[in-house]
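In case you want the letters, here they are:
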Amino acid sequence: MARTGILIETENGTVKDTSLGVMTAAQGQEIIALVTGADPSALKDKLAEYGAAKIVKLSASGGDVTASPDLLAEALAAAVREFDLTALLGTASAAGKDLFARLAAAMDLPLVSDCVALDVEAKTAKKSHFSGKTFATLKVDANVFLATVRPNAIEAKPAPAAGETAEFSADVTDPGKLVIKEVKKGDSDKIDLTEAPIIITGGRAIKAAENYKMLEDCAAKMGAAVGASRAAVDAGYAPHSMQVGQTGKTVSPRLYIACGVSGAVQHFAGMKTSKVIVAINEDKDAPIFAKCDYGIVGDIFEVVPVLTEKL
Amino acid sequence: MKICVCVKHVPDTAATIKIEGDAGFKDSEIKFVVNPYDEYGIEEAVKLAEKNGGEVVIVTVGKPEADATIRSALAMGAERGILVTTDSQFLDATLTAKALKAAMEKDGLPDLIFTGKGSVDSETFQTQYRLAGYLGVPVVNEVSKLTVDGGNAVAELEVGGGDKQVIEMKLPCVIGATKGLNEPRYPKFPDIMKAKKKKIDQMSLADLGIDAAARAVTLEKLEPVPERSGAKMIEGSVEEQVTELIRVLKEDEKVL
Numbered sequence: 044m045a046r047t048g049i050l051i052e053t054e055n056g057t058v059k060d061t062s063l064g065v066m067t068a069a070q071g072q073e074i075i076a077l078v079t080g081a082d083p084s085a086l087k088d089k090l091a092e093y094g095a096a097k098i099v100k101l102s103a104s105g106g107d108v109t110a111s112p113d114l115l116a117e118a119l120a121a122a123v124r125e126f127d128l129t130a131l132l133g134t135a136s137a138a139g140k141d142l143f144a145r146l147a148a149a150m151d152l153p154l155v156s157d158c159v160a161l162d163v164e165a166k167t168a169k170k171s172h173f174s175g176k177t178f179a180t181l182k183v184d185a186n187v188f189l190a191t192v193r194p195n196a197i198e199a200k201p202a203p204a205a206g207e208t209a210e211f212s213a214d215v216t217d218p219g220k221l222v223i224k225e226v227k228k229g230d231s232d233k234i235d236l237t238e239a240p241i242i243i244t245g246g247r248a249i250k251a252a253e254n255y256k257m258l259e260d261c262a263a264k265m266g267a268a269v270g271a272s273r274a275a276v277d278a279g280y281a282p283h284s285m286q287v288g289q290t291g292k293t294v295s296p297r298l299y300i301a302c303g304v305s306g307a308v309q310h311f312a313g314m315k316t317s318k319v320i321v322a323i324n325e326d327k328d329a330p331i332f333a334k335c336d337y338g339i340v341g342d343i344f345e346v347v348p349v350l351t352e353k354l
Numbered sequence: 179m180k181i182c183v184c185v186k187h188v189p190d191t192a193a194t195i196k197i198e199g200d201a202g203f204k205d206s207e208i209k210f211v212v213n214p215y216d217e218y219g220i221e222e223a224v225k226l227a228e229k230n231g232g233e234v235v236i237v238t239v240g241k242p243e244a245d246a247t248i249r250s251a252l253a254m255g256a257e258r259g260i261l262v263t264t265d266s267q268f269l270d271a272t273l274t275a276k277a278l279k280a281a282m283e284k285d286g287l288p289d290l291i292f293t294g295k296g297s298v299d300s301e302t303f304q305t306q307y308r309l310a311g312y313l314g315v316p317v318v319n320e321v322s323k324l325t326v327d328g329g330n331a332v333a334e335l336e337v338g339g340g341d342k343q344v345i346e347m348k349l350p351c352v353i354g355a356t357k358g359l360n361e362p363r364y365p366k367f368p369d370i371m372k373a374k375k376k377k378i379d380q381m382s383l384a385d386l387g388i389d390a391a392a393r394a395v396t397l398e399k400l401e402p403v404p405e406r407s408g409a410k411m412i413e414g415s416v417e418e419q420v421t422e423l424i425r426v427l428k429e430d431e432k433v434l
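Protein chains in written order, with this note's numbering: chain V, 44 to 354; chain Y, 179 to 434.
Everything labelled a hint here was simulated from the structure, so no lab data went into it.
Ideal placement from N, C-alpha and C gives every residue a C-beta, glycine not left out.
Mixed in with the good hints there might be a few duds.
Unchecked claim - Listed next, the stretches of chain Y that the computed footprint assigns to chain V, with coverage defined by at least 3 CB atoms under 8 Å from CB atoms of chain V:
| hint | segment |
| --- | --- |
| 1 | 295 to 305 |
| 2 | 403 to 411 |
| 3 | 418 to 431 |
Claimed, not checked - Keeping only pairs whose Cα atoms sit at most 35 Å apart, straight-line, the calculated DSBU-like set for lysine-lysine is:
| hint | chain 1 | residue 1 | chain 2 | residue 2 |
| --- | --- | --- | --- | --- |
| 4 | V | 182 | Y | 229 |
| 5 | Y | 375 | V | 227 |
| 6 | Y | 204 | V | 182 |
One chain only, chain Y, in its complex shape (with noise of 0.2 Å):
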């Protein structure tokens, strides 16, 4: 089984975002990861290939510094990577499906393909659909519990609320990974040295035969959210500190 896993390269949530400009962050100080979300994925898949066998291709769409996210997800299992290269870290979300599916079209089309339910970057939560779209084939998004069988795949997602569905599907399928599906592992020295040494294939969106500028949607400004500059403490004794509370709540603020 062939299982290709969709890997977005983005700032570690814990950075801090320096604009530059007027849509523009400086990416150079900032450390960059594995999105959290695919993750789960590439663990799943790992776990499936260990179990049936298999091959696990990582693939993701970014800058050229993207690499070094490739030899993570390497380092947790998988076996080679593809890196279409792009110029941007914010390729819109249609540009980068129909990348991922010219990629995956021209390595040999999985079985199986993941992604994380979404990118903690632009927070699109779109790309999954749109890449089975391209395909056509079915797609499940915020799954939290999965099992491969033969040619199906039953997958369980919170639907909100607290409801989940129980939802199965014909391989080839989408699965958009979340946090309940796996632990993710923590990769090994050894594994790490190894990964460094696996194959990732380079090709650029040109190469694929797609316009970067053709894109629908364009990023015209960043701005920080405003910071709160510090809680107005409420003291007192216990009752004094909740009489205040609710009454700035109510009065003040009219929240409640």
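Isolated chain V, as found in the complex (with noise of 0.2 Å):
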């Protein structure tokens, strides 16, 4: 059987759910679970019911792995040696995108980034092409098969493994190319936007930036991250970080409400993906209408407070 690495995220000491989803993309193969600063024994319960076989603590003699992504790449690299894997798989969120392009240049390996599927065996991978409008199946020619799977895309099922726990310390250094001198904290009590599993997002139509106290209200029932349009940041409602669209994130939760925004091209490039689209908006004539799964044609400041109400 193949051996496949997958890089587990981990957030307050517990594997992320979109970790648990680029599991079961490998699942058929033997899975090889790699931590990085989590405590694998508190995570060996849920990574072995997800198909681990072993789960790996990887650190480096050079330093720690969580602290520089070019030393973590070196670690990852001697990893794939390490345990002989044919494919190595991760999140593509902004440290794991980063980290996997950082990984493959390293390797002069191929790397397909933010996959929507993928066959592990066949080095095969769907992916986004041209700003969401299309899907490209790309064929990976390489001993290694490293890919990044877009939150959420693929929902994870349980498929019980031995998990065995392990350490592997690389030898390896920390190239030295990049001196991190500040980590600026932003909300850190927010969801994530790229790997909500439900996302709100407020466009033109909320008017201010206080406003989004109304979404953020009916998020926290919800267990919902907060996102903005692209007119909306423009207009200096909402932070850059809070952007949906082209210019912003790319995101795919089972379920995305969006509240008084008009439905440009350019927001779908960002959100076409999900699972669900709702759109409430008080123009019924609204693009958003054409292109989503259900409509609420009515003012956001009506419709909002009483979905939070009823939640």
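Taking the hints as your guide, dock the two standalone chains into a single complex.
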């Protein structure tokens, strides 16, 4: 059986749901879950339930792998050789996309970034091309298949395996090209937009920055993250880190609720692969209604508070 | 200071993509533009050259028609361009990075390189890392703030969840630009006229010793992302609409 490594992302000492989806993409392979930072024994039950034959705590002799993406890329390259992996998969989160690109460059191997489906055995992957307008199927010709998976694109399914724990310290050092001077914390209590299972977005109709509070209250009831359209960001109602769409973030939640968003093609480029899209808009002719699943014609300031109350 | 900006010639995001055959698309009828993220790189390079002196060179790997895209970049204030021609819109990221490196080496290596954070056509998000890897220089992506001082660059980038990192590195380095870095300028008519006279060196992949057939990633199929056929509209009073929406999302779609 071919061996596939999965780089596991954790939050507050637990496995992120998005990583379980990545493991599901490799089912049928012998899965080696690679963990950095968190204690593997605390993750054992969850990772074993979703198919990890082995859970390996990865470290490097040359320093803290969680503090340097270049060092972690070197350590992952060493892990690929150590465990004789024929594929290594990760999450296409902000950190995951950056890390895998560094790894691919360091190993000079092809990489398919932000896949929505993949076949590890055949080394093929499906991903967005042309800003969400088309899917491309790509075939990779390499000994090791590297890919990142779009968060929430693949639904996690349990497939119990042994989940033996082990440690591997790679004998690598940091190339020392980057010095991280400072980490500026955003609102850490908020759910990350690209990884959120549910997103509620406010467009131009939100009218003022303080009105996002209404969406945050609603989001809190659903375990959702709050997004913004480009029009709302450009009007100064929301920071760029909240922008969904071209020049912002690409998201793929199971539920996307667009409030007062007109539905420009550039917005769809960032959320088209969401499972269910709901639009609430005062204008019954808004383009978004032609391209979503459910629509409510109404004033967001009337509809959203009722939604929050009833959830 | 010499600054290279890697620019990709891509279909306008508003263009309709008509698929031809298994993996082709009809590119003759649609508008091509400077890859939107690359505009932030061009603007930053031109601003740096205006402030500190220096030359901004646009480097593009693309079809011969990419000449027009380089002219747009030159109209934003870059000095000259280099076009490495290929016969396909989709060259894999490894070959593109090799071509960019070879073209820069031939022209004289720059002190600073900009790219966009990714391209809006193939969305591979990796060419800048490979270019930096081949050149053996530092790379950071999704940069929304940059200070270049002497031989150092300090970049601010978003790392997820709204968190930002401030990273220092030595020049030369590769900077992947994104929104927030600046406001790209709209070229005025005289700038567009001036750009027509600027020099663009053209060479093929083969001229640089790169074999286009050596690709490791093959595009096997292109298919449209299924379009939704229009919303099912939920009618009634606000109370009724919301009650029905919650029911549908919980019971029919099982997403709540």
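Hint by hint, here is what the structure shows:
Only residues whose beta carbon comes within less than 8 Å of a beta carbon in chain V count, and the segment 295 to 305 of chain Y has 7; three or more means the coverage holds. Counting residues of the segment 403 to 411 of chain Y whose CB falls under 8 Å from any CB of chain V gives 7; the rule of at least 3 is met. Under a criterion of three residues with beta carbons nearer than 8 Å to beta carbons of chain V, the stated coverage of the segment 418 to 431 of chain Y is upheld, 8 such residues being counted. Distance restraint check for residue 182 (chain V) and residue 229 (chain Y): the Cα-Cα separation of roughly 46 Å exceeds the 35 Å cut-off, and the hinted pair is therefore not satisfied.
Using a Cα cut-off of 35 Å, the hinted pair residue 375 (chain Y) and residue 227 (chain V) is violated, with the two alpha carbons roughly 45 Å apart. Restraint check for residue 204 (chain Y) and residue 182 (chain V): the C-alpha separation of about 22 Å stays at or below 35 Å, so the hint holds.
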